[in-house]
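Colleague: What follows is each chain in one-letter form.
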Amino acid sequence: MPYGPHTPDDRARMRAALGIASIDELFEDIPLAVRAPGLDLPGPLTELELSFRLRALAGRNRIDLASFLGAGVYRHYVPAAVDQIASRGEFYTAYTPYQPEISQGTLQTIYEYQSMLAELTALDAVSASHYDGATATAEAALMCLRATGRARILVSAGVHPEYLATTRTYLDGSRFALETVPLRADGTTDLAALERLLADASAPVAGVLVAQPNVFGILEPMAEATRLAHAAGALLVAVVEPVSLAVLAPPGAYGADIAAGEGQPLGLPLGYGGPYLGILAATSALMRQLPGRLVGRTTDADGRRAFVMTLRAREQDIRRERAASNICTNQALCALAATVYLATIGPHGLRDAAALGAARARELERALAAAGAPRVHAGPYLNEFAVHVSDAPRVHAALLERGILAGLPLATWFPDDPVLRDALLVCATEVTQTAEIEAFAAALRDVRTEVVA
Amino acid sequence: MSEHIDVVAPGDAPGAPFGAADALCPAVGAALQPTLDELSRPGRRTARVPHPPAGALDGIPAEQLRSLPPALPEVAEPDAVRHFVNLSHLNYAVDTGFYPLGSCTMKWNPKINEWAARLAGFADLHPLAPDALAQGTLELLWDLERWLCEVSGMRAVTLQPAAGAQGELTGILMVRAWHRSRGDSARSEIIVPDSSHGTNPATASMAGYRTITVKSDARGGVDLDALRAVLGPRTAAIMLTNPSTLGLFEDQVCEIVDAVHAAGGLAYMDGANMNAVLGKFRPGDAGFDVMHFNVHKTFSTPHGGGGPGAGPVAVGEKLLPFLPSPRVLREQDGSFRLERPGERPTSIGRVRSHVGSTGVLVRAYAYLLAHGAAGLEEVSEDAVLAANYLRHRLRGTYEIPYDRVCKHEFVASASNLKRETGVRTLDVAKRLIDHGHHPPTIYFPLIVEEALLIEPTETESLETLDDFAGALEAIAAEAHEDPEALHSAPHSAPVRRLDEATAARQPDLHWRPMTGAQMPCLD
Amino acid sequence: MDVRDGLLYTDEHEWLRVEGDTGTMGITAYAADELGDVVFVELPAIGRALQRAETLGVVESVKAVSDLFAPADGEVIEVNEALVGKPELLNSDPYGEGWIARVRLANPAAAAEGLKDAAAYRALIGA
Chain Z
1 MPYGPHTPDD RARMRAALGI ASIDELFEDI PLAVRAPGLD LPGPLTELEL SFRLRALAGR
61 NRIDLASFLG AGVYRHYVPA AVDQIASRGE FYTAYTPYQP EISQGTLQTI YEYQSMLAEL
121 TALDAVSASH YDGATATAEA ALMCLRATGR ARILVSAGVH PEYLATTRTY LDGSRFALET
181 VPLRADGTTD LAALERLLAD ASAPVAGVLV AQPNVFGILE PMAEATRLAH AAGALLVAVV
241 EPVSLAVLAP PGAYGADIAA GEGQPLGLPL GYGGPYLGIL AATSALMRQL PGRLVGRTTD
301 ADGRRAFVMT LRAREQDIRR ERAASNICTN QALCALAATV YLATIGPHGL RDAAALGAAR
361 ARELERALAA AGAPRVHAGP YLNEFAVHVS DAPRVHAALL ERGILAGLPL ATWFPDDPVL
421 RDALLVCATE VTQTAEIEAF AAALRDVRTE VVA
Chain V
1 MSEHIDVVAP GDAPGAPFGA ADALCPAVGA ALQPTLDELS RPGRRTARVP HPPAGALDGI
61 PAEQLRSLPP ALPEVAEPDA VRHFVNLSHL NYAVDTGFYP LGSCTMKWNP KINEWAARLA
121 GFADLHPLAP DALAQGTLEL LWDLERWLCE VSGMRAVTLQ PAAGAQGELT GILMVRAWHR
181 SRGDSARSEI IVPDSSHGTN PATASMAGYR TITVKSDARG GVDLDALRAV LGPRTAAIML
241 TNPSTLGLFE DQVCEIVDAV HAAGGLAYMD GANMNAVLGK FRPGDAGFDV MHFNVHKTFS
301 TPHGGGGPGA GPVAVGEKLL PFLPSPRVLR EQDGSFRLER PGERPTSIGR VRSHVGSTGV
361 LVRAYAYLLA HGAAGLEEVS EDAVLAANYL RHRLRGTYEI PYDRVCKHEF VASASNLKRE
421 TGVRTLDVAK RLIDHGHHPP TIYFPLIVEE ALLIEPTETE SLETLDDFAG ALEAIAAEAH
481 EDPEALHSAP HSAPVRRLDE ATAARQPDLH WRPMTGAQMP CLD
Chain L
1 MDVRDGLLYT DEHEWLRVEG DTGTMGITAY AADELGDVVF VELPAIGRAL QRAETLGVVE
61 SVKAVSDLFA PADGEVIEVN EALVGKPELL NSDPYGEGWI ARVRLANPAA AAEGLKDAAA
121 YRALIGA
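So the protein sequences, as listed, match chains Z, V and L.
In terms of the working numbering, the first sequence opens at residue 1 and continues consecutively.
In terms of the working numbering, the second sequence opens at residue 1 and continues consecutively.
In terms of the working numbering, the third sequence opens at residue 1 and continues consecutively.
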């Protein structure tokens, strides 16, 4: 075993203490009929061999293209300090801080995470973290159902399709109904349709889920959607992107009851799907409905300020079948990375990152329009938008060969939509370079000419 | 900070004699830290990214914009870095000391795995990148799925679930899909033993099932008669942790699985404790239909102060069609791709975004490959040997309620100390901190009074095990001589016991005053 | 352990004081001690009809959670709103300021049936 300390003599001493001759005696409680004869696996590899193997696999991924791909997961500049702190063994090899006397490091950083996310969302109660944006959204829907005692959820068609799919999985069963609210041609949620769906008194709505920006990058009329939801006695869940909250109105300001979102843009790598960071925040009125861990400030026996996990009796290890959620393991280390990111980029840096991404996105819009790919939706956007390109999946594939990752062909998610199947969803952030935008537009011109020809 | 802070006196180095009432905890620093908010001074700027050009946000309606910038801390890099480094010193961690936390498997986290997960090829790959750009990661995930099939004796694996608890939910949703696919809608109950993790009944509730609890027998296993009495046409599944949370192998496992199958239910194995039986027992061979792994336990991905983990789920033949999407597929030409949305209509759907927590899975892959089959078997053998060794050493000082061969962990109880001296398990745990060790899991499983669940793992030396046993023996002696020193422990940590009641009665969850937005009017 | 004469007790460690057709209920000092520091009480809605042994609320302490059960049939007519801000009243004065709910009893004459008197409850908890 590569990491164990025991010498043959150590093992012999332990066996002698136990009075056994062979280690097999400790496994005799496994019935013979099901005792495994051993495993058929590759390895073992020495650390050197392992490093070759892993480097070879990593090298087979292509990360060298000019990327305009976002769709819920975004490239941002991450201050070098973030990974140095997150690499400290004192943080990443600690367990959940159940013994607060020797866990103040983790506890205080979670409190600081909660504080900074409370500031970004303008909501009071922030969960110590969920798995990702999709599961945080699903948990937000469940919170609405519990808090209102109602059984129907409305989800805007502008919510990320993977979040919608996850929420469907979580709500599956005969108990709850989930319906989608269509978008208008400009890419915003159809408020008239929302109002009609809310008006069905026979099936009162527990919560309305609207994304800001939505999955097509469009900014939604959140204040009006919130007003409609509240008028019908429903809660409003804002599905948010955290870097955008440096410049966009925060959920608490327009009266949202819950904010859910993907925290990956706060200093986490793309990492082909995770580990990410589920953001979940709520008004103080809904604090007790929040699933997962919370850290609070208190004092010790000598009156010193200290931090501790609190409202523990809501959680599965105490409440068992009556717990709000089964969540146990969360994403504490990812929340730590987000905390260090926010502390080291600062409020002005975060605002600059968001606004510079918006500026680059406008450059991208002009360049693509000039190359024959106009925007699909007319609604306002921040740093991501869909453009119309005939035969988009083929164009996307041809651009890959020219070193351009041209966002996401929306046919991936909406193969049957006559507009979206001929569209690319593209984004820019502060790391997008003007030269890359020019290269994208030039390559698009070439490819369109070829595809047409 | 104006509060009094204990400082480490020079000369009180690790290795000082144990037992002295003011022995200092060698593994944790002492200086409490101000919050970032308190360090902040308006005007402290950083230069991380360029300023945007004027008019960057033109075209966005004013009402969509934030009227006030977020009041985040303004801290210079030296102050921010010192803040976090100094906070890290207040943490106990596997990298700083022995962490015998039962049911949590705080084994060594190999450093090569951290290096691997950070390789740019893995870390900078977008999850929606076309398959052609992701062949390295897809091959890794494909291989890992095959290896977990081999370890579990199952047919197929999904790597999507983000944690063990989410793996449980995934498994139970597949169980429901299977019953539904047979037109059986009457099955509304999930059976869990009374020793189970809280996640099992919480999972059952989340999936809309009623939890039926069966008691353990005197040997710590499932009481078969009690099980048979609750099995019936409403039984959807049993969730069985094996080895159990008492650290005992359920030697009636075949009878239990057969009885549940005979009643028309399915058998779910909570694989939280697979680290004890690698290469010794494969759930698929015993007839289990579905199980999850906790890779942050069995395959040593770091716990991160609470997460992230990953909870791959393995299934047998019956549940194959219902696996979450997307699966990783291998094409005829040997290339790999992700299943497309809607490609497999029988799937229960997604349980989270993207393919899974790939960064965690890279570490698990590296762990498996570094060990190979023989190494994994040795992992379990050494973990079981260490646990039995400690059980043997502590017998006589503490009560051992189920004093038979254990697997990777065992339960001790301080009931004898409580009876004789008034010292409780909580006091013993806190006093262990003064001896430089992390306490074991306490008051779990719930069915044992004054429980101490001790899991030494396979990566702790014999010297460490002896030192820990010596500390527990010294504390037991101290309980008789000076119980007050234990009631008020720890004495050497940066803070003493906390006022958890006030924390819960008047929650203070962030550094600004609560604004208290009101709930909308509900009927 | 404090057990008050003149009250009725359930096996779930709740007390009931019957005055005319009104019953006032709370948890016993023994229950409060077992739970430890109470941090939250979930109260029933006023007007709710209760059946004996039905769950009417929840008490949470720092590390435990416990259901409250209706000690008798009836309708909730008043709840102790002071517990919302000061749940610790359950620890400091369980038979007085820490009362939980008042119920209009469906059958006051039969309220004592199936409940224990102080002596029997003392025997139950070994006080």
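Keep in mind that the hints were calculated from the coordinates and are not lab data.
For every residue, glycine included, the Cβ atom is placed at its ideal position computed from N, Cα and C.
Hints are supplied without guarantee of correctness; some may be wrong.
[Claimed, not checked] Partial list, computed: chain V residues near chain Z (C-beta under 8 angstroms):
(1) Pro61
(2) Pro78
(3) Trp108
(4) Ala163
(5) Asp194
(6) Thr199
(7) Ser205
(8) Leu231
(9) Gly232
(10) Val253
(11) Cys254
(12) Thr397
(13) His510
[Claimed, not checked] Quick list of in silico lysine-lysine cross-link-like pairs, DSBU-like style, CA-CA up to 35 angstroms:
(14) L:Lys116 - L:Lys63
(15) L:Lys116 - V:Lys111
(16) L:Lys86 - V:Lys418
(17) L:Lys86 - L:Lys116
Colleague: All the hints need checking, so say for each whether the structure fits it.
Modeller: Evaluation of the provided hints:
1. Pro61: holds (6 angstroms)
2. Pro78: violated (10 angstroms)
3. Trp108: OK, holds: tryptophan 108 (chain V) within 8 angstroms of chain Z, min 5 angstroms.
4. Ala163: holds (4 angstroms)
5. Asp194: violated (10 angstroms)
6. Thr199: Result: holds, 5 angstroms to nearest chain Z Cβ.
7. Ser205: holds (5 angstroms)
8. Leu231: violated (19 angstroms)
9. Gly232: violated (19 angstroms)
10. Val253: holds (7 angstroms)
11. Cys254: holds (6 angstroms)
12. Thr397: violated (15 angstroms)
13. His510: Because about 4 angstroms separates histidine 510 (chain V) from the closest Cβ in chain Z, which is inside the 8 angstroms limit, the hint holds.
14. L:Lys116 - L:Lys63: holds (29 angstroms)
15. L:Lys116 - V:Lys111: Distance of about 63 angstroms is beyond 35 angstroms: violated.
16. L:Lys86 - V:Lys418: Status holds; Cα separation ~31 angstroms.
17. L:Lys86 - L:Lys116: holds (29 angstroms)
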